[in-house]
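**Student:** The listed protein sequences derive, respectively, from chains Y and G.
All residue numbers for the first sequence refer to full-length UniProt numbering, where the first residue is 1 and numbers rise by one.
All residue numbers for the second sequence refer to full-length UniProt numbering, where the first residue is 1 and numbers rise by one.
Keep in mind that the hints were calculated from the coordinates and are not lab data.
Among the hints, a few may not be true.
[Said to hold, decoys possible] As a list, the in silico DSSO-like pairs of lysine-lysine whose alpha-carbon atoms are at most 30 angstroms apart: (1) G:LYS37 x Y:LYS205; (2) Y:LYS205 x Y:LYS37; (3) Y:LYS188 x G:LYS41; (4) Y:LYS202 x G:LYS54; (5) G:LYS41 x G:LYS54.
[Claimed, not checked] A few chain G positions that, by computed beta-carbon distances, are all more than 12 angstroms from chain Y: (6) SER15; (7) ILE16; (8) VAL20; (9) ASP22; (10) GLN23; (11) ALA35; (12) VAL40; (13) VAL50; (14) ILE53; (15) LYS54; (16) ALA55.
For glycine and all other residues, C-beta sits at the position ideal for the given N, C-alpha and C.
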Amino acid sequence: MLEQLTQVINSTGFLSLTPGNLIMWIIAFILMYLAIKKGVEPLLLVPISFGIFAANFPLTGLMEQGGLFYMFFHNGIQNELIPPLIFLGLGAMTDFGPVIANPKTLLLGAAAQLGVYAAFFTALLFGFDIAEAAVIGIIGGADGPTTIFLSANLAPHLMGAVSVAAYSYMALVPLIIPPVARLLTTPKERAMVMKQMRPVSKGEKILFPLLASLVIILLVPKSAPLIAMFMLGNLFMESGVVQRLTDVSRNELMNIVTIILGLGVGATMSAENFLKPQTIYIFILGIVAFAFASAGGILIAKIMNLFTTNKVNPLIGAAGVSAVPMAARVVHQLGAEANPQNYLLMHAMGPNVAGVIGTAVAAGAFLTAIH
Amino acid sequence: MATPVNSPMVGKLVSIDVNVGDQVKENDPVATIEAMKMYVKIYAPASGTVREIKANPGDVVNPDTVILVLE
């Protein structure tokens with residue numbers, strides 16, 4: 001009788017709970033609070049935080065081979081299926097008009113990847129191996145799916161930490177960009193009004209995803225899964241003839257895979273995987289990456305202005321850290337603060353969307369170099 | 001001298017924040033548009049009196065659209 005009672009008690013989770021599980025629950029609740037009460041990336045942090053919460057119950061087998069979350073993780077994320085599907089949706093809502101009107105902004109999107117490399121080298125100095133350092137560096141691209149994509153490839157054990165770092169810093173873009181931008185620009189530079197953009201024709205918008213694919217995928221073949229899907233989504237939208245596919249890519253499909261992505265990522269954050277000193281380093285390096293990315297864009301914009309006649313407001317370089325469209329909005333506000341007649345929003349969208357491409361290319365370059 | 005106030009970018013006009021006859025100073029907010037899910041205030045390019053309002057809230061505006069005219 002007593003023996004059976006012990007057996008029943010042992011089969012419940014209570015006795016197997018570890019202090020680590022409890023700490024992870026607290027972390028899950030903090031993220032949930034931020035998402036629900038403060039509106040911090042709720043579409044991602046609600047599923048991620050619940051994934052953390054659920055994965056830290058003992059004896060569930062959720063993350064053991066064949067378990068539910070294991071399948072989400074293994075079949076959705078580890079085999080690189082979901083991030084490209086999210087890119088399809090992102091492509092179907094990205095307007096490349098500002099890039100086409102002012103192709104120089106592509107360079108600014110590339111320049112912001114300096115942050116990626118700054119964090120990469122710093123991570124190497126901190127003693128991370130080369131694959132881990134690449135995954136930490138890519139946080140600076142401020143692009144969640146790309147970060148998850150690269151970490152699935154190179155360092156799956158860091159996925160939880162890097163993706164939470166990427167998504168939470170993205171939400172902090174309004175706090176990270178302004179001090180960096182103010183430090184590197186004068187009020188006069190920030191007040192500079194840019195020439196109005198030329199209108200872009202439909203033909204150009206249809207050709208852009210094809211030309212961009214040709215150039216980028218030939219240059220960095222490993223970026224193909226992300227770039228090809230991104231450009232396909234964009235072609236869906238710009239062609240104007242497949243409204244249904246456009247809608248499903250950016251709404252239903254994206255929402256469905258986001259649930260699986262969030263749970264899968266959250267579930268990788270078990271206590272033994274997450275509660276390590278390296279997680280703290282990742283968060284420190286992540287913010288270094290973000291700050292350097294903003295700085296890189298601004299500095300290259302200033303250098304570019306030395307050589308060109310049609311000058312750009314250096315602030316728009318800071319929008320190269322992707323985080324679409326939040327970074328562009330922050331840049332707009334900084335510009336309007338210096339001069340109410342300065343409307344930078346659309347100008348900043350150029351580097352902003354170019355930054356998404358830049359980060360995917362940087363990820364492809366890491367894959368090529370490290371594999 | 002009449003000064004047209006155009007929309008600085010493509011967006012949806014949310015509200016006109018002045019009335020015909022109002023005195024405005026340069027850099028006073030005169031209208032609000034929504035672009036990229038952000039409310040963007042449009043500021044008067046010069047001081048003057050609002051002579052005419054030419055657009056309605058809900059309209060899609062672009063850089064060619066005159067929203068109001070100052071005098």
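**Student:** Indicate, hint by hint, whether the structure satisfies it.
**Tutor:** So, going through the hints one by one against the coordinates:
no.: 1; hint: G:LYS37 x Y:LYS205; result: 22 angstroms, holds
no.: 2; hint: Y:LYS205 x Y:LYS37; result: 39 angstroms, violated
no.: 3; hint: Y:LYS188 x G:LYS41; result: 21 angstroms, holds
no.: 4; hint: Y:LYS202 x G:LYS54; result: 28 angstroms, holds
no.: 5; hint: G:LYS41 x G:LYS54; result: 17 angstroms, holds
no.: 6; hint: SER15; result: 17 angstroms, holds
no.: 7; hint: ILE16; result: 17 angstroms, holds
no.: 8; hint: VAL20; result: 22 angstroms, holds
no.: 9; hint: ASP22; result: 17 angstroms, holds
no.: 10; hint: GLN23; result: 17 angstroms, holds
no.: 11; hint: ALA35; result: 6 angstroms, violated
no.: 12; hint: VAL40; result: 6 angstroms, violated
no.: 13; hint: VAL50; result: 17 angstroms, holds
no.: 14; hint: ILE53; result: 20 angstroms, holds
no.: 15; hint: LYS54; result: 19 angstroms, holds
no.: 16; hint: ALA55; result: 17 angstroms, holds
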